[in-house]
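Asks: Listed here are the chains, written in short residue letters.
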Amino acid sequence: MKERYGASPLHLLAHLAALALAAWALLQALQLGGWERIVLWLAGAIMLHDMVLWPAYTTLDRLARRGRPAGWVNYVRVPVGISALLLLAFFPVICDKGERTYMRVSGESWEGYAGRWLLVSALLFIAAGALYLARSRSGSSS
Amino acid sequence: MRTPPGPFRPGFWKSPLRGPWMTAVLGSLLLVLLAVVAVTGFLSHAAYQPDLGRNALVDPDVPFTTFFDWPTGPSWLYALTQGLHVNAGLVAIPVLLAKLWSVIPRLFQWPPARTPADGIERAAIALLVASTGFLSATGVANMQYWYVFHFDFVKAHYYAAVVFVVALAVHLVVKLPVALRAYRSRGVLTPLRAGIAETRPEPDGDTVAVAPDPPTISRRGLLAAVGGGSLALLVANAGQSVGGPLRGVAFLAPRRAGGFPVNKTAAGAKVTDAMVGAGYRLVLRGGPSEIMLTLDDLRALPQATHTLTLGCVEGWSTRQQWTGVPLAELARRAGVDEPAELLVGSLQPAGVLRQATLARGQVADARSLLVLRAGGEELTLDHGYPARIIVPGLPGVHNTKWVGSLEFRT
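One line per chain: the protein sequences are A and B, in this order. My numbering puts the first residue of the first sequence at 4, with every later residue one more than the last. My numbering puts the first residue of the second sequence at 51, with every later residue one more than the last.
No lab work stands behind these hints, which were simulated from the structure alone. Fair warning: there could be bad hints in the mix.
Ranges between beta-carbon positions, derived for each pair [said to hold, decoys possible]:
hint, chain 1, residue 1, chain 2, residue 2, range
1, B, Leu296, A, Arg7, 27 to 33 Å
2, B, Glu427, A, Leu126, 51 to 57 Å
3, A, Arg7, B, Pro60, 23 to 29 Å
The calculated SDA-like cross-link candidates involving lysine to any residue, where the alpha carbons are at most 20 Å apart (straight line), are [what the hints assert, rightly or not]:
hint, chain 1, residue 1, chain 2, residue 2
4, B, Lys225, A, Leu13
5, B, Lys225, A, Leu16
6, B, Lys205, A, Ala133
7, A, Lys100, B, Asp202
Quantities reported herein were computed from a predicted structural model and do not represent experimental measurements. All residues carry an ideal CB built from backbone N, CA and C; glycine is no exception.
Build the full structure now, drawing on both the sequences and the hints.
Replies: Right, dumping it as structure tokens:
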């Protein structure tokens, strides 16, 4: 059994139990209105990283590294990465996606999110630049 | 069958940082964060007390609902659990991305399943990745009022969480020994001592590059960058969860405006001036006979003042001084001793949250009020004038506004 299956029967039973429970939960979800969109979002959740985010950041990173000395690139990719991460997680406020709903429920409007994201990004780039300058100075003087 | 080109070939992978130890560290950090998110998520489900009245937002027959009464203290309990849920969820995003990066060569392994065991494991991992991404994406969109998904968020988020928990449990059973082996052979923290110059690929493991590039960042550097990303997301949002002056620091939080935030305006709830005018009556039911009280009657009853925190499911909170009639006092006026439940009805004409059922302990708590004044001022219409509920530790939306009826049940 082990030779053909590739693991112990406990491995198989644990997975069958998990898949059965997950299938139960998915069947419950499929009874909800808009279940097609739930399936789409589940599939999209895998694709978003593997087919969009990962190829995008890997390509950008390889371009940034090309022909440059090791260590140089971190001063760029860390602040750029954090800025991109803020955009990814707060895309709805930065791009005013939920503003109409927000105004209806809260009576207030959203202002300045894109501007604050740009300001914080600029601060990150300036801080990384200052750090690079300070380190290269102290490196050349010693 | 021939191995397809590109990422399916082992030589494609160049990072010298990938390996079982790196994955174990990222996986351990992610496990702690996602455990906090999952536990607080199910606690939020329990805090809505789905077994009472029509409180259930997910199917009321769903198993593993609540087997304890949600406590009434401390008053910031729900603000804490839900603040943890939303903020730990945000903090987990960079760790999740790094974890996926560390194992992505496995996505392109050839053949796709080496054994049946490998195949079933990968099916479970697909469910884990799908549910984690689904929960993150819908959670992030929902907290920012972007209802782009067009399905019932609460139900879908709940069932996806069940998929996530079972898929994570089986993943742990399989991978915990792999992680422990990596920690034992390489030391839990030893690889963090190496700077860029001393960073070497891990000696073995199926995600280790066969022809790695020279390192451009150390392992501790990678973890610091991930931590920096997590910190940025935390600072961007956490102020709305803590409230007070920190709210302004939360530079991307949806609820960063100061003052006393309105969850839903009267206009949004379709409550009009006519509904709360001179004709307003509060109906007390459950006793020998129905009792009608005008706003002046309510003002003439004994009042109490308490400073309590109101926490929203979206992860923001506000602390206010509330003045009103204790619910226990209203139960006595209605002629019901120690009610087992209280069904609160709103004047709001529609919506699932136009009513909420409170448990015995919540009605009995001396700090549970039918609020007439907040911060020493009469309630504004948007905050629930003429009367709203405040119960310590209760999820925000169950503190019903524009209360029209109280039905005490024994």
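Asks: Are the hints correct? Go through all of them and say.
Replies: Hints, verified against the model:
{"no.": "1", "hint": "Leu296/B with Arg7/A: 27 to 33 Å", "result": "59 Å, violated"}
{"no.": "2", "hint": "Glu427/B with Leu126/A: 51 to 57 Å", "result": "39 Å, violated"}
{"no.": "3", "hint": "Arg7/A with Pro60/B: 23 to 29 Å", "result": "26 Å, holds"}
{"no.": "4", "hint": "Lys225/B with Leu13/A", "result": "14 Å, holds"}
{"no.": "5", "hint": "Lys225/B with Leu16/A", "result": "16 Å, holds"}
{"no.": "6", "hint": "Lys205/B with Ala133/A", "result": "48 Å, violated"}
{"no.": "7", "hint": "Lys100/A with Asp202/B", "result": "18 Å, holds"}
When each numbered hint is compared with the structure, violations occur for hints 1, 2 and 6.
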